[in-house]
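Asks: Sequence:
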Amino acid sequence: MSEEVEEHGIRINIKGTFHAPKKNEVMYNSEMVVNRSLVLCALAAYYESGLCTNSQVRCLDALGATGVSGLAWAKHFPKVDVVINDQSPAATERITSNAATNNLQVNITSEDVSVLLHQRPFDFVFLDCYGSSVHYLDAAFRNAPKHSMLAITSTDDSALYGKATDVTLRNYGGYVVKTSYAKELAARLVLGSVVRAAAKSNKGVEVVCCVALKSFITVMVRVLRGPAAANTCVRKIRRVIHCCVCEDRAFYPETVYPLEEPYSLLSCDCRSKSAGKLAVELGPVWCDEIFDANFCQAMLTQANNLQLSHKVISLLQTIVSEGKCKGEPGPDESVGGDKENTVSGMAEHTSAQTEKEEDDEEGEEEEKEGSQHQPCHSLEEDNDGERSPKRMKMDHPRLKSPAFYFNLHRHSPKGHDLGKINRVVDYLQRAHHKASRTHFDPEAIRTDCTLREFTRLLLEFSQTQN
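Per my numbering, the very first residue in the sequence shown carries number 45; after that it's consecutive.
Hints in this document: simulated from the structure, not taken from any laboratory.
Just so it is clear, the structure is predicted and the values come from calculations on it, not from any experiment.
Check each hint, because a few of them may be wrong.
[What the hints assert, rightly or not] List of simulated lysine to aspartate or glutamate pairs, EDC-like, C-alpha gap at most 20 Å:
no. : residue 1 : residue 2
1   : K258      : E137
2   : K59       : E75
3   : K190      : D125
4   : K444      : D470
5   : K190      : D201
6   : K317      : E333
7   : K244      : D182
8   : K444      : E497
9   : K458      : E504
10  : K444      : D461
11  : K119      : E48
12  : K370      : E333
13  : K355      : E51
14  : K222      : E487
15  : K321      : E304
Construct the complete structure from the given sequences, taking the supplied hints into account.
Replies: This is the structure in structure tokens:
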């Protein structure tokens, strides 16, 4: 392996580095290039947004290792104040050497991360953790200024994907199992811990982007100050009821009273077909938005300006499409995706869209008020003439980007060929449902359909294909 690599225009000496941290050694992981590119785009979008309350954006690469992230920030944004920290003396020496090689002036410290975050406020913090990130969250929010940003990376797959349940409970205070939507469930589990840590310092968060790939989970949040914001965010941490048979899922409503029929939250009828306990409670996890479509669009713009790799741009295109998760498409719109990397029609009339969303929310609130006095467990007839329990009315607002997604291989009708996934997305949109590809799973679709509606529409679509 070459002793020097170039990343984002920065030459880095990686001689003697390791993929995993070892005592008195420096870590460099080439598989995390995409993650560092996304964080670079996030900093660029934040810098251009003008949301920073300080005259100069103060950036911290908290776990610097070779310093590749912080040095890239200093090269592309000379006006920001960059601090690169690493407690290891060997890493500090390597950062100093790499900064001299690239003729860059940055502040280099060798403090404990939690101590440094308690000592000084920063407007943009990148926690690139090897393992769990929860150990630094309390310190990260202690001095976080208003509208500051945190990019938090976690790599503890065994805990986040349910392989080590004791570690999951200890670090994240929740329970997860292996599911077809495990990546988003893990990301929402991390966000639950982030929100609780922020609330301890009377702060709330606004989630702007969330990425989960094979080797990492990264969440990016904007800090909102005040106990009101903290209270609002904490109420959005809820449990999920998950059917172990068909993998239908639903968030529990916000209530302090026990539910008499929790299975009524699900759209499936597995309970009526089989005896015993067929569902488990997962979480608690974050139940609100995990994308800010405008911020993700700004990240995509910056990625094009920085001329980043095609892989990063394709990923951001999918995330933008996922964050908007549109309904019926226009003639020139694309559904995006990892396999079709062109997304056209991204420039929208934001004001008109905002007015339409406000009207939709008002209509949903009126419908919700009118349905409060209806019985929760009344019966309705399905397409086969069978009577099944009516789903319980949910109290949380409809999300712009629906929570979770459905894997086509898991839920497609047996013996039916669905063809290209983008055609399925287009069919769902024309059926007046929100639908898009998702970066969490290239063979899945994010949609506001229930599982019962989704399987019915897939069957109809497969019949139209034959």
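Asks: Compare the distance between the alpha carbons of K258 and E137 with 20 Å, and conclude whether the hinted pair is satisfied.
Replies: violated, 31 Å
Asks: Please work out if K370 and E333 have their alpha carbons no farther apart than 20 Å.
Replies: holds, 15 Å
Asks: Quick one, are K222 and E487 close enough, alpha carbons at most 20 Å?
Replies: holds, 17 Å
Asks: Does K321 pair with E304 here, judged by a C-alpha cut-off of 20 Å?
Replies: With Cα atoms ~14 Å apart, K321 and E304 stay inside 20 Å; holds.
Asks: Would the hint linking K244 and D182 be met if the CA-CA limit is 20 Å?
Replies: It holds: about 8 Å lies between the C-alpha atoms, which stays within 20 Å.
Asks: Between the alpha carbons of K119 and E48, is the straight-line distance 20 Å or under?
Replies: holds, 18 Å
Asks: CA of K444 to CA of D461, is that 20 Å or under?
Replies: Distance of about 30 Å is beyond 20 Å: violated.
Asks: Given the proposed pairing of K317 with E333, does the C-alpha separation stay at or below 20 Å?
Replies: Violated, at about 34 Å.
Asks: Taking 20 Å as the top limit, are the C-alpha atoms of K458 and E504 close enough?
Replies: holds, 13 Å
Asks: Starting from K190, check that the Cα of D125 is at most 20 Å away, please.
Replies: holds, 18 Å
Asks: Hint check: K190 vs D201, CA-CA at most 20 Å. Holds or violated?
Replies: Violated - the C-alpha atoms of D201 and K190 are around 31 Å apart, more than 20 Å.
Asks: Please work out if K59 and E75 have their alpha carbons no farther apart than 20 Å.
Replies: holds, 17 Å
Violated hints for the displayed structure, listed by number in ascending order: 1, 5, 6 and 10.
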